[in-house]
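Q: Starting from the known structure of chain A, fit chain B onto it as the hints suggest.
These protein sequences, in sequence, are chains A and B.
Residue numbering for the first sequence follows our numbering, starting at 352 and increasing by one per position.
Residue numbering for the second sequence follows our numbering, starting at 352 and increasing by one per position.
The set of hints was computed from the structure by calculation and includes no laboratory data.
You can trust all of the hints, since none of them are fake.
Same chains, same names: a pair is fine if it fits in one copy or spans any two.
Taking lysine-lysine pairs in the BS3-like style, the calculated list, with each CA pair at most 30 angstroms apart, reads:
| # | residue 1 | residue 2 |
| --- | --- | --- |
| 1 | K459 | K884 |
| 2 | K459 | K418 |
| 3 | K865 | K906 |
| 4 | K626 | K563 |
| 5 | K761 | K711 |
| 6 | K761 | K575 |
| 7 | K892 | K459 |
| 8 | K761 | K576 |
| 9 | K887 | K459 |
| 10 | K599 | K626 |
| 11 | K906 | K862 |
| 12 | K892 | K613 |
| 13 | K575 | K626 |
| 14 | K907 | K866 |
| 15 | K907 | K871 |
| 16 | K873 | K907 |
| 17 | K761 | K780 |
| 18 | K684 | K599 |
| 19 | K711 | K563 |
| 20 | K575 | K630 |
| 21 | K865 | K907 |
| 22 | K356 | K384 |
Now for the letters of each chain:
Number of protein chains: 2
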Amino acid sequence: MPQHKSKDDLYFLPLGGSGEIGMNLNLYQTQGKWLMVDCGISFADTYLPGIDLIMPNTNYIEQRKDKLVGLIITHAHEDHVGALPHLWRRFRCPVYATPFTMIIIRLKLSEAGLLDEVPLIEVPLEGSVAVGPFTVDFMSLTHSIPEPNAVRIRTDAGTVFHTGDWKLDPEPLLGEKTNEDKMRQVGDDGVLALVCDSTNVFNVEPSGSESKVRDNITQMLSSKKGKVFCATFSSNVARVDTLAHAAKHNGREVCLVGRSLKRNVAAAIEAGYLKDFPKVVGESDAGYLPNEKILYICTGCQGEARAALMRIVQGNSRDVTISRGDTVVFSSKIIPGNELHIGRLHNALVELGAEVITEKDSFVHVSGHPGQMELSQMYDWIRPEILVPVHGEIRHMVRQAEFGRDSGIKNTIVPENGTLIRLAPGPTKIVEYVDVGRFALDGQFLIPAEDDAIVTRRRILYNGALVVSLVIDETGEFLAAPEITNLGSPDAGIERFEDTIIEAVFAAADKLTKKQRADKNKLAEAVRVQARKAAKNYTFKETGPLTTVTVTQLKKD
Amino acid sequence: MPQHKSKDDLYFLPLGGSGEIGMNLNLYQTQGKWLMVDCGISFADTYLPGIDLIMPNTNYIEQRKDKLVGLIITHAHEDHVGALPHLWRRFRCPVYATPFTMIIIRLKLSEAGLLDEVPLIEVPLEGSVAVGPFTVDFMSLTHSIPEPNAVRIRTDAGTVFHTGDWKLDPEPLLGEKTNEDKMRQVGDDGVLALVCDSTNVFNVEPSGSESKVRDNITQMLSSKKGKVFCATFSSNVARVDTLAHAAKHNGREVCLVGRSLKRNVAAAIEAGYLKDFPKVVGESDAGYLPNEKILYICTGCQGEARAALMRIVQGNSRDVTISRGDTVVFSSKIIPGNELHIGRLHNALVELGAEVITEKDSFVHVSGHPGQMELSQMYDWIRPEILVPVHGEIRHMVRQAEFGRDSGIKNTIVPENGTLIRLAPGPTKIVEYVDVGRFALDGQFLIPAEDDAIVTRRRILYNGALVVSLVIDETGEFLAAPEITNLGSPDAGIERFEDTIIEAVFAAADKLTKKQRADKNKLAEAVRVQARKAAKNYTFKETGPLTTVTVTQLKKD
Numbered sequence: 352m353p354q355h356k357s358k359d360d361l362y363f364l365p366l367g368g369s370g371e372i373g374m375n376l377n378l379y380q381t382q383g384k385w386l387m388v389d390c391g392i393s394f395a396d397t398y399l400p401g402i403d404l405i406m407p408n409t410n411y412i413e414q415r416k417d418k419l420v421g422l423i424i425t426h427a428h429e430d431h432v433g434a435l436p437h438l439w440r441r442f443r444c445p446v447y448a449t450p451f452t453m454i455i456i457r458l459k460l461s462e463a464g465l466l467d468e469v470p471l472i473e474v475p476l477e478g479s480v481a482v483g484p485f486t487v488d489f490m491s492l493t494h495s496i497p498e499p500n501a502v503r504i505r506t507d508a509g510t511v512f513h514t515g516d517w518k519l520d521p522e523p524l525l526g527e528k529t530n531e532d533k534m535r536q537v538g539d540d541g542v543l544a545l546v547c548d549s550t551n552v553f554n555v556e557p558s559g560s561e562s563k564v565r566d567n568i569t570q571m572l573s574s575k576k577g578k579v580f581c582a583t584f585s586s587n588v589a590r591v592d593t594l595a596h597a598a599k600h601n602g603r604e605v606c607l608v609g610r611s612l613k614r615n616v617a618a619a620i621e622a623g624y625l626k627d628f629p630k631v632v633g634e635s636d637a638g639y640l641p642n643e644k645i646l647y648i649c650t651g652c653q654g655e656a657r658a659a660l661m662r663i664v665q666g667n668s669r670d671v672t673i674s675r676g677d678t679v680v681f682s683s684k685i686i687p688g689n690e691l692h693i694g695r696l697h698n699a700l701v702e703l704g705a706e707v708i709t710e711k712d713s714f715v716h717v718s719g720h721p722g723q724m725e726l727s728q729m730y731d732w733i734r735p736e737i738l739v740p741v742h743g744e745i746r747h748m749v750r751q752a753e754f755g756r757d758s759g760i761k762n763t764i765v766p767e768n769g770t771l772i773r774l775a776p777g778p779t780k781i782v783e784y785v786d787v788g789r790f791a792l793d794g795q796f797l798i799p800a801e802d803d804a805i806v807t808r809r810r811i812l813y814n815g816a817l818v819v820s821l822v823i824d825e826t827g828e829f830l831a832a833p834e835i836t837n838l839g840s841p842d843a844g845i846e847r848f849e850d851t852i853i854e855a856v857f858a859a860a861d862k863l864t865k866k867q868r869a870d871k872n873k874l875a876e877a878v879r880v881q882a883r884k885a886a887k888n889y890t891f892k893e894t895g896p897l898t899t900v901t902v903t904q905l906k907k908d
Numbered sequence: 352m353p354q355h356k357s358k359d360d361l362y363f364l365p366l367g368g369s370g371e372i373g374m375n376l377n378l379y380q381t382q383g384k385w386l387m388v389d390c391g392i393s394f395a396d397t398y399l400p401g402i403d404l405i406m407p408n409t410n411y412i413e414q415r416k417d418k419l420v421g422l423i424i425t426h427a428h429e430d431h432v433g434a435l436p437h438l439w440r441r442f443r444c445p446v447y448a449t450p451f452t453m454i455i456i457r458l459k460l461s462e463a464g465l466l467d468e469v470p471l472i473e474v475p476l477e478g479s480v481a482v483g484p485f486t487v488d489f490m491s492l493t494h495s496i497p498e499p500n501a502v503r504i505r506t507d508a509g510t511v512f513h514t515g516d517w518k519l520d521p522e523p524l525l526g527e528k529t530n531e532d533k534m535r536q537v538g539d540d541g542v543l544a545l546v547c548d549s550t551n552v553f554n555v556e557p558s559g560s561e562s563k564v565r566d567n568i569t570q571m572l573s574s575k576k577g578k579v580f581c582a583t584f585s586s587n588v589a590r591v592d593t594l595a596h597a598a599k600h601n602g603r604e605v606c607l608v609g610r611s612l613k614r615n616v617a618a619a620i621e622a623g624y625l626k627d628f629p630k631v632v633g634e635s636d637a638g639y640l641p642n643e644k645i646l647y648i649c650t651g652c653q654g655e656a657r658a659a660l661m662r663i664v665q666g667n668s669r670d671v672t673i674s675r676g677d678t679v680v681f682s683s684k685i686i687p688g689n690e691l692h693i694g695r696l697h698n699a700l701v702e703l704g705a706e707v708i709t710e711k712d713s714f715v716h717v718s719g720h721p722g723q724m725e726l727s728q729m730y731d732w733i734r735p736e737i738l739v740p741v742h743g744e745i746r747h748m749v750r751q752a753e754f755g756r757d758s759g760i761k762n763t764i765v766p767e768n769g770t771l772i773r774l775a776p777g778p779t780k781i782v783e784y785v786d787v788g789r790f791a792l793d794g795q796f797l798i799p800a801e802d803d804a805i806v807t808r809r810r811i812l813y814n815g816a817l818v819v820s821l822v823i824d825e826t827g828e829f830l831a832a833p834e835i836t837n838l839g840s841p842d843a844g845i846e847r848f849e850d851t852i853i854e855a856v857f858a859a860a861d862k863l864t865k866k867q868r869a870d871k872n873k874l875a876e877a878v879r880v881q882a883r884k885a886a887k888n889y890t891f892k893e894t895g896p897l898t899t900v901t902v903t904q905l906k907k908d
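One chain only, chain A, in its complex shape (with noise of 0.2 angstroms):
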């Protein structure tokens, strides 16, 4: 890559987010320096044994941290912050944010650590920031949390209309609207690049509003006697208030259960929000009132193993306890990976008698991203000369760039994590794919995805794994019988797996030379090739197992 320390370059390079929902990370460089924009995690598929969550590899930034002048985290949602601890190591830069997302930040910096190393620039709703040659407006937007802020970020070869994550709620209940105008001026005075949340790209409807999901929960609650749960998205504390303001209205005290729930209703209210939020009831105490007396808010909506639903449904909460006639509202969507999970956990609640009601059944969760009808308005506001699609999958990513042409914007383009893109000066194109990648938390070790710690693990997953231990004399006898250790193969056979395998052992050894058997990693080799052909032959798999054979060779004394 050339220096690009012109005025006139300005480039766009997402490490995460870009075919993928999750784990956003965005670069812009401009005269040779650059910002970031969020810095996310996501929870790992099945395809990472062991592994829970994963972030971009940030390789390619921490070999130019000098020139990183800072980093702007949008909102507070785990896919946009929550890899800043585990990673800011690697680049430190200040970062900036507003204040609800600063008091989030706070919380994991400290327990990472790392509060009283990072620099911390808070900055106002709708204030702007001069970040190197970068100046960062923020506007608020409506999502699923508080401050959801959209950035625009002028530089002097043009200027860029970064959204974060959004819809247009008309009556947002937590927050203002939309400011139009706002937007409409923003339009007004320029944009280069619109940088686009794709997420809903499908959705032919308006996402709605969180006040209709108010009403309708406040209306279905009337009819209920039991006790009522409600699960959600801890951060998504305008559904916790409509959820408290339902339970109030229907003579219900509210009771959180579930950690992460309490801190980010103790950081909205630190920020200001939640000024009629109800006062909360214990867990210990909500037990003593009459069932049709009190709502929980939980954790768990995706079925959790060890957030608040499922300890209660589990029997593994000391004071509360779900039964017959009670009521669970998923006041949430279903997060794709997740629906079995969420399956087995529905199945346990009716068990013990619950009536379950989803998003499927009854209007209780209101999308935070925008459908067609918002992205066409949002095209309209800015008018950009370039769409640049982000947040979602190829298909979602793909598809808004259609969207957008078919709205006006004739210049579109499809990112992918590690596509440079050259925004300024024309034409739009990708000047360089820059190696990427995802690190995965292993434990404590932040390890690329395909480390052999994973690799392992997932072959080991399909087939097992095999160790042969021989003791050898100097020249290549047996001393000992061979030690078999079987870590997964089914022994079910006629033989027993291990005598199978001790036969091959041997039989490996004799067809050896007396040079060869000498030589400890000629016969580690014979006997590995062999011992694994005859486990995958005892098994019948594709493959045999993962095998490993150690050799101890003892001198004569």
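A: Chain B in isolation, oriented as in the chain A frame:
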């Protein structure tokens, strides 16, 4: 369990399919004799690493196989017939099915080398057979495969109407529509228990008709210029016929891609169906046709790695390719749990430039199971004394029981796999919980789902494994350095993982008395505990790797 040889006793015992959608296996008992209905498989989820197929554990009926008079297969879907070749040797009884189903059964048994052993009794459509004390009347319903049968099981103790999988299709296109008069007559004749499909009980709308799907796809094709690919379940012969008709109407030739698809079409033709099916073109010939003249019907609608569509996408098909301007229609549902695989396939198709159309975009699929309106209709026809919902997760079965009670059926009972339910004489109740479970197909072995091999692989999946091999003399002194085999722990610390473990091994040995050291079992256990702890501390995981220590103790000459 008592002997239940009275003429008045009738029992129902599901071993699979009650509490899950998949692997149906139901048993009825009267006069001391057992009748099995269906023998299906399921696909394993990630809880069983390395396992693809699971099926009911049949230990209970194996112990009573001399009392098992026959097995009825209602239809040829894998979740009703797929376990037959795997399990039949365990209980060896005659198998009854209608002609199309029997063709599929013969193919399966032939592949398993069992064709000559299994007594097969082909029953004509609408035919009846006496099987021990059970008289079984086959009655055609509609579903998503040829010859879906309900069975009326008549006994001296009462009549059961076992629906199998069904819907009401007013225009089924393949096979007859449901004979309402006959159904009503069944009700008039009297039914003690209706054992009924619960899959779609949450659907308020009727399932819809195959003919509507045909009209819609035919119309949709008229606007397509490129190649068109339609993925569906290979057993859904009516859908394959629908797709072929839509192709023909639009001047497109049909090419079948995928072995099971060709097999099912051949079986359907052999059984007398698909009389108007067009002559298909081979894959190599299809490539020479203009894009707008070909429609490929493919397996792989669930994103399966080895099925036709995925092979084509990955460029592993010699003759068939997908490129810009092509259209791929998923004429199928998304089976819960497959969302991520299917999403990846959609993304890969979009990357190739294809348009992806699913049931969310257009009416290209119709379910084969009854929604509430169809259930109501069935209740009206059959008018059972008892409703037994099956073929569902608990939430589906509980909901059908509620729905049945709301529809006026006073007596409902929700079974689980292993519940022995007395249907007659009343009152209806669970009289015993018999041991049940699942078999997993692991290579060539059918092992219990809780077998060591699977448990070990699951443990390794999260934490890796560690094998320490020691060579000691009679006094317990090390004759060589310990050999460390690290399987899946990240080696990413300041000190090397292996060195950390070796230190722990020596430290553990040093703590033992001379006598303890000389005892290889004591030494192994002490080393195991310390090595595991050291690995846990190194990685900071919640638990350490699965740790095994082998000790070779050499005697002095």
